[in-house]
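**Student:** Take the sequences, apply the hints, and build the full model.
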Amino acid sequence: MTDSFCGYAGDRDQALVACVYEDGGEAGEQALFEEHLATCARCRNELAALRGVRAQLARWAPPEPAFSVIDGSGQSARRNPATQWWREIPAWAQVAAALLFLGVSAGIANLDVRYDANGLSVRTGWMPPAAGAGAGSQTAAGVAADGAAAPWRADLTALERQLKEEFRTMQASSRSQTTPASPQMIRSTTPDADVLRRVRAIVDESEKRQQRELALRVAEVMRDVNAQRRTDLVNIDRMLGFVQDKVGVEVMKDRQRLDLLYRASQRQ
Amino acid sequence: MPWTDEELVAKSIGGDADSFNELVLRWERPIYALAYRTIGREEDARDVCQETFLRAFRALPGFRGQAKFSSWLYRIALNLCRDWVRRERRTPVVQPPEDMDLIEMAAAAEPSESIEDLVARKDLTRLVERAMALLPEEQRTAIVLKEYHGLTFQEIADLVGCPLSTVKTRLYQGLTVLRRELARNNKAKP
Chain A
1 MTDSFCGYAG
11 DRDQALVACV
21 YEDGGEAGEQ
31 ALFEEHLATC
41 ARCRNELAAL
51 RGVRAQLARW
61 APPEPAFSVI
71 DGSGQSARRN
81 PATQWWREIP
91 AWAQVAAALL
101 FLGVSAGIAN
111 LDVRYDANGL
121 SVRTGWMPPA
131 AGAGAGSQTA
141 AGVAADGAAA
151 PWRADLTALE
161 RQLKEEFRTM
171 QASSRSQTTP
181 ASPQMIRSTT
191 PDADVLRRVR
201 AIVDESEKRQ
211 QRELALRVAE
221 VMRDVNAQRR
231 TDLVNIDRML
241 GFVQDKVGVE
251 VMKDRQRLDL
261 LYRASQRQ
Chain B
1001 MPWTDEELVA
1011 KSIGGDADSF
1021 NELVLRWERP
1031 IYALAYRTIG
1041 REEDARDVCQ
1051 ETFLRAFRAL
1061 PGFRGQAKFS
1071 SWLYRIALNL
1081 CRDWVRRERR
1091 TPVVQPPEDM
1101 DLIEMAAAAE
1111 PSESIEDLVA
1121 RKDLTRLVER
1131 AMALLPEEQR
1141 TAIVLKEYHG
1151 LTFQEIADLV
1161 GCPLSTVKTR
1171 LYQGLTVLRR
1181 ELARNNKAKP
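Line by line, the protein sequences give chains A and B.
When you line the first sequence up against the working numbering, it's residues 1 to 268, in that order.
When you line the second sequence up against the working numbering, it's residues 1001 to 1190, in that order.
Do not rely on the hints blindly, as some may be mistaken.
What the hints assert, rightly or not - As a list, the in silico DMTMM-like pairs of lysine to aspartate or glutamate whose alpha-carbon atoms are at most 20 Å apart:
#1 Lys-208(A) - Glu-220(A)
#2 Lys-1011(B) - Glu-1022(B)
#3 Lys-1122(B) - Glu-64(A)
#4 Lys-1068(B) - Glu-1137(B)
#5 Lys-1068(B) - Glu-1006(B)
#6 Lys-1068(B) - Glu-1007(B)
#7 Lys-208(A) - Glu-64(A)
#8 Lys-1068(B) - Asp-1005(B)
#9 Lys-1122(B) - Glu-213(A)
#10 Lys-1068(B) - Glu-1155(B)
#11 Lys-1122(B) - Glu-220(A)
#12 Lys-1122(B) - Asp-224(A)
To be verified - Taking CB as the label site, the calculated pair distances span:
#13 Asp-1083(B) - Asp-245(A): 54 to 60 Å
#14 Asp-1047(B) - Arg-59(A): 55 to 61 Å
#15 Val-203(A) - Asn-1079(B): 41 to 47 Å
#16 Arg-1064(B) - Gln-210(A): 49 to 55 Å
#17 Arg-1026(B) - Lys-208(A): 27 to 33 Å
#18 Asp-1083(B) - Ala-55(A): 31 to 37 Å
#19 Arg-1082(B) - Ala-9(A): 54 to 60 Å
#20 Asn-1079(B) - Leu-100(A): 49 to 55 Å
#21 Phe-167(A) - Gly-1065(B): 57 to 63 Å
#22 Ser-1165(B) - Ala-215(A): 45 to 51 Å
#23 Arg-1064(B) - Lys-208(A): 32 to 38 Å
#24 Gln-210(A) - Arg-1082(B): 37 to 43 Å
Since the hints were derived computationally from the structure, they do not count as laboratory data.
Each residue gets a CB set at the ideal place from its N, CA and C atoms; glycine is no exception.
**Tutor:** Here it is as C-alpha cells:
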C-alpha cells in the first residue's frame, strides 16, 4: 500500500488507463504522464498492479462452444462438434465402416446364415445345433455332395448373371463418356489405408483425452480432499480448544468448591 | 486471397448465402466470447451468439456500411446481452460452464502442460470469472471489449454510445475493482 502523495496535474485515472493499454490520447499528454511516472512511486506501483491484473485477465478463456451455422433461408442449424468429423469422411468409407462393424458383430454373435431346401435360416449364439452334433457335419457333407441339386445354386447363378450384365452396362456407359475420371473418383479407389490411419488417430486422440481427463479428476479430488482435511483439522483444533477451556473452567470451579468445603470443615 | 468482410456483406446482400455463412464462421467465436464474458452463462451466450447472427442476417439489407461490419455485429450482440440482463432481472453471474468444462480444458490444453498447471489455470479462471461478475455491466463491457477484442477507446465509445473519457473512467474503475478482488482471492487461497 502506497499512500505517498501524487501531484499529477491532469486526469490521473485516465492517464493511467491510457498507459496500461498503450492507447494514448494526445502525444503531449502521454509524454507528460511518463515524465511524471519517473518521479511518482505511487503511480508506478499502480501502473504495475494494473498491468498485473491484465496479465491475469489474459488467461481467462471462455469454454469451447458448439457453434451454429445459418443456412440460406436465415434458419440456423446447430453444428455438433462431436459429429463433425463424420462429415469429413466420404460416404463410401462410412459404408465400409458400417459393413466392417456388421461383419465383426456377426462374428462375435456367431451368426450362421443358411439357405437350403427348407428356406432361409438364421441362427446366432454359441449353442450347438439342436438336432445333434453329427447332424450339422452330415448336412454340410450332404450339401457338398449334391450341391448341384441345391436350390440356392440356381439363385446364385442368376444373381451372378445379373451382376455381370449390370457391370457390362456400366462399362459401356462409362466408355461412351469421353471425360476422364475425376480426381475424386481416383481418390475413392485408394481407400483403406487412409481410413485406417484416420480411425487410428481418432482412437489415439480419444485415449489420450481420457487419460488426461482421469489425471485431472484425480488431481482435483486430491486437492479437494486436502482442502477438506485442512478445514477439518482447523475445526478439530478449535473444538479441542473450546473443550479444554470449558474443562479448565469446570476444574477451577470444582477446586474452589472443594476449598470452600475444606475451609468450612476446618472451621467446624 | 480471402474476401474482406465488406465484400462478403455485399455478396450476402446480393443473395449469396455462402458468403453470409463465411461471415458467421469468421465472427461466431468472437461474438460468442463477447457474450460469454458479458453474461457469463455458456448456454445463454450461445443463444445470444445465434440470435446475433439471425438479426444480422435479417437486417443485412439495411446495413449501409457506415460502421465496420464487426462493430455493427458487436453492437447487436451487446444489445442482446443488455436485453438478457434486463430480462433476467439479476446481476449476471459468471459460472463455470455447465458440462464437463474440465474435459474441454484438458482436451484444449497443450500436451506439455502438467496437470498442476491445468488445475492452477482453472483456479485462476474461476477467480477472474468471480471478480468480473462483481463489476457493473458498463465496466465489464468496457473491459471485455478492450481486453479481449482489442477495440480502441474511441471504438468502444462509439459502440456503447458514451464519451471517450467515460470509457477510460469505466476501465480504470473496473480494473481497480478487479485488482482488489483478485488480490483478496489470491490471499484467501490456501
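**Student:** Checking against the hints above, which ones are violated?
**Tutor:** 4, 14, 19, 23
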